[in-house]
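Undergrad: Next come the chains, spelled out residue by residue.
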Amino acid sequence: MSETLAPEKVATENVAVMNQLAGRGVRAESPLYHAGLDKLSALNPRAGGVLLRELKLLGHLTLRGSQKNASFMNGCAEVLGLALPTLPLTSVEKGGVSIRWISPDEWLVVLPADQAYEVERGLRAAIEGHFSVVNVSGGQTILELSGPNACDVLKKSTVLDVHPSQFPVGKVAGTVFAKSTALVRRSGEASWELVIRRSFADYVWLWLQDASREYGLVIKS
Amino acid sequence: MSQKNRLQSGGRIDRSKAVTFSYNGRRYKGYQGDTIASALLANGVDIVGRSFKYSRPRGIVAAGAEEPNAVLQLGATEATQVPNVRATQQELYDGLVCSATNGWPSVESDLMGVMGSIGGKMMPPGFYYKTFMYPQSMWPTYEKFIRKAAGLGRAPQERDQDAYDIMNQHCDLMVVGAGPAGLMAALTAGRSGARVIIADEQSEFGGHLLSSREQIGGKSAADWVADVVAELAKLRNVQMLPRSTVNGYHDHNFLTINENRTDYKGDKAPDGQVRQRMHRVRAHWVVLASGAHERPLVFGNNDVPGCMVASAVSTYLNRYGVVPGSKLVLMTTNDGAYQTALDWADAGREVVAVVDTRANPNGDLIAATRARGIKVITGSAVIDVKGKKRVSGVIVAAIDAKRDKVTGKPQQLGCDTVASSGGWSPVVHLSCHAGSRPVWNDDIIGFVPGPTIQKQLTAGGINGSYSLDKVLSEGIKAGQDAASRLGLSPAAVKLPNVRSVREGKPMALFHVPHTKPTSRAPKQFVDLQNDVTAAGIELATREGFEAIEHVKRYTAMGFGTDQGKLGNINGMAITAKVLGKTIPETGTTVFRPNYTPIAFGAIAGRNCKELFVPKRFSAMHKWHVEHGAEFEDVGQWKRPWFYPKAGETMQQALDRECKATRESVAILDASTLGKIDIQGKDAREFLGRVYTNAWAKLAIGKCRYGLMCGEDGMVFDDGVTSCLGDNHFLMTTTTGGAAHVLEWLEFYHQTEWPELEVYFTSVTDHWATMTISGPNSRKLLAELCDDIDLGKDSFKFMDWREGTVAGVPARVFRISFTGELSFEVNVQANYGLHVWEKLFEHGAKYNLTPYGTETMHILRAEKGFIIAGQDTDGSMTPIDLGMSWCVSNNKPFSYIGKRGMAREDCVRGQRKHLVGLKTKDPSVVLPEGAQAVADPKQPIPMDLLGHISSSYWSANLNRSIAMGFIKGGHDRMGETVYYPLADGRVIEAEICSPIFLDPKGERQNV
Amino acid sequence: MLHIYCPHCRELREEEEFHAKGQAHIARPLDPDACTDKEWGEYLFFRKNPRGLHHEIWYHTAGCRKFFNLTRDTQTYEIKEIYKIGEQPEVTADKG
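Chains as they are written, first to last, in numbering that gives the first Met the number 0: chain A, 0 to 220; chain B, 0 to 1005; chain C, 0 to 95.
No lab work stands behind these hints: they were computed from the structure.
Beta carbons: idealized from backbone N, C-alpha and C, even for Gly.
Careful: at least some of the hints might be erroneous.
On the chain B side, residues computed to face chain A include the following (Cβ under 7 Å) [to be verified]:
no.: 1; residue: 676
no.: 2; residue: 725
no.: 3; residue: 726
Isolated chain A, as found in the complex (with noise of 0.2 Å):
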């Protein structure tokens, strides 16, 4: 048996690994579906002070593991192809890859939906020690604000201190949303990401709208 398939062993005994992806035809439906956001867009206002997209079913991998692991540091750098940011909220983005630091052990993986469970082979084959990879995709979403109100929202909405001193293009940080949480990052100087839970995502939506409708929301499709 070579040694590259030793590991694959292990890992079908130790942990379940499972492709969750379901095949063509299945209607997949991501936690704002029921919202229409397409319908929406193209009923649009052409301006408003706030844009919102729904970055919709895409692969989300929680990944545990100690930095001082090295097989899994430098296994999560091989399979994912850039490292892992070990400096607080900080994020990594690569193609369509993007790493956000949730804590010093904890890291939120988003890739497209179709590479997840690779991914999550992959990085079982390369890493040994205490670790551990969770799929979260059907859990959680994201949503992108953008637009010059965008920051008067998150105001609204987060007690963090968006000023561009304190929270720079790449920052993230898990915070209180309204009465939900959310992972928030700023993708760039004027847009930013929420990584919210599919349960709260019909909250947040209403909470959106609201906080939004004094400056005008533009849904992008």
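We have chain A already, so just place chains B and C on it with the hints.
TA: Below, chains B and C without anything else, positioned relative to chain A:
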């Protein structure tokens, strides 16, 4: 009505914009830029309310937040009613409707006032405590009348349609107050590069400079303010918040600011605009530049309309172009107030006299006053005021302030306005909010902010610095200090030239003596809003209330919505004098947020209506709504409760759902159950430590039910955990307990057993979970799943398998909470609704019936399964619940709950045990919460045996069933107990096993 | 509203992101079964309520989900120090 007191010119009002408003049902005119108060004074309205206790007529006293009397009810419609509006702060707009909040039948002719003037002696401090104490049962009746008589405004009866919101802010420096000190601090820090927020309660920045005729740097004060504001507006790092009251200064430099965004525009916020916004500011440093309030003096009948604070008179003259009377007598203890006499004279009206309590005042302003030919009476005081609804004259007499005596012959002067100044009180309110106590400063005759741990600087009037050059330089210094403490290099700001005025020493006088002793003198008011008099304070101290906090509570001094801004210092000084102590020895009361009253809406912000509490939905929620489900709140989740068909009652729907499950197949959305993915080589060990039962031997592909206890041995959660791999488990928790359980696991892992290699990740939202239950569930599942052998012997009860359901990768768990053959299908939530709908497509022929939480509760109760949180309340051990089968004491590690369960109280006999209860009359359903007794005829209080925790009508058993607790119940099977109810009925029931159906568990094993 | 430095996120955050978990340094007895009822009761129920310095455990609920310790003055609410689980406080009442 004409504006008889409006000057021909002057002031900051816009005379091109006349507005009409209504006060007490009468229409008046004013100008844009007026407050209600300035417009009422312009129109010669003297009376704005009746006093709290004595119902005496009251007029406008001040010109800002400190106003005690002119507290009005605002609102043109029922929905826009706002109580507690200070007329001195509310800007006028066209169509404004306001009224006095008390006085019956009207403020002008009030019947209660008769009682006040006759009965004044009969209403000493503590009057309400003393009079309405007994009998206690009558208090609600008394209260109704007292409240009506007191008239403190009223809440709207209709819903306020306006929007209020909250904004979280962060800054380097928060400057409170935009008077000369605050403006300089903000400008200096702003130029130094700090992120600054500057807030002021007034409509315009400038503070008292808006009412001043001073020159600054060769410009008028108004022009100087305009220039500074223009520069601040250009600085991108400075945020200016006018009409924003800093109401609270909380721990760690957290401030709450209430911004009035549209209150000045109209009765209702213009469409789409937020009426008020609460800014929650976290500041690295704070500069308090909140200024000072002028103190009125306490003298006989000092509450008659026409008695005002001297600086307020100047404000009405200079800022609003209103002269609030014809003939002025000014009484002062200091030089500064002379400016009011000069302002009055400049307005062309008569200054009858300036009465100075000092024997030899000699500052520049006195000379200027004398030069204008104004009479100055020195060493004297106004000891009494004549007039009822308006001042008609004053009694002036020479005094010996030291010995607190009138020494000269009183003389009467005719006048209609009495302005008084006893000096200034720094506005220390905010500095007290986080626990700091103000300290007395003899030099400035006032309290200044005390030591604090807050990162706080102060500048200007709050320090007792009142000369303009000092105020400005303290502002610059505070801005520079803040900048350097923030690590910035402080900008140099040039101190502008201002007029220097030679001032004499002020006199420390608070309470003006009268020819009679205080107790018999005319009422000398200290706190105008709460009708607290000097005599009342003296009486309170005589009755033994010597601590200042007790005096405050007993007399209600400072308890009004004005928080005693004008009166408190005078009250403390009087208390000190009576006690023979100094003011610092007597001490001061402190202030709490909020500085001025705010609307509930501003506190709630957007957390109201549909946003009040988040509603959590499963991936199948839309289907439930479309199929008529009624919903139940479980935590924040909206779970289908039952699915009534047209014309069905709730019970009929439940009966149908229950029967369908036991007879064919039914489906439950179980997505809300908490789910925690556990990975690591010590996962199994960890489970053994947090569950009461054994996990060492659970094989891959198997599931097991577990109970979780606290260290006290009491059950707090339960659920099924499945072994996905040797180092991989999926834990389920109750819906409501999910977050708590995850935090619990992390707590033990991070703080007690960090050496265990295990990671926990919430996957509650990731999996959509649907439970198909009933004898036909296998057949239904088989139609959509061809890659799992669903056979009875290959996929056993408490097994799980991976496969494909309706084309979607799934984990299927053969576990059962209904006692029927059941399969719990888990798919990634994005596919939840797809799989759910496919099941219904194929389920029609089996009469696949959706059921909700209520049917789930009934079906599990038929099987005697507990629901943690319903059948447990934190006081039940597994043994109490009859679940000793789920407790393993052979585990090597002393798991959480083991030691607790062995405590003396947990092992005694006669604990309350969970049992089944069958009513003698099978058609009677026991109410949940009913208490059992052995003998219903025993006298009250009865000896209670335990309560009913779950009780239902079981359509399958055609009778009622219940679970509940009975002392020693496990040993009392077959005995009869009684449930006496509040309605007089007594229900008889027999203690039995809680397993009402299929005790051998055969149905789930088919 | 406290402003709390999270030692893992390494910045100050608002109190609403955290849960207070009470007194710190209450170690679970290594052998609970050897404890008398009194000893177990003290572990389970008895907590300090000092006027002054208090060592507490907090949880960064909405952030990194890590527990940590802090020393807080219960009178002034001043947070004197933040330290990680497993570390000992430096600011203590006996050190003045």
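Undergrad: If a hint holds in the structure, say so; if it doesn't, say that too.
TA: Verification of the hints:
At a threshold of 7 Å, the smallest CB-CB gap from residue 676/B to chain A is about 5 Å, leaving the interface hint in force. Residue-level restraint check for residue 725/B holds (minimum Cβ-Cβ distance to chain A is 5 Å; threshold 7 Å). The beta carbon of residue 726/B is positioned within 7 Å of a beta carbon in chain A (closest approach about 4 Å), and the interface hint is therefore held.
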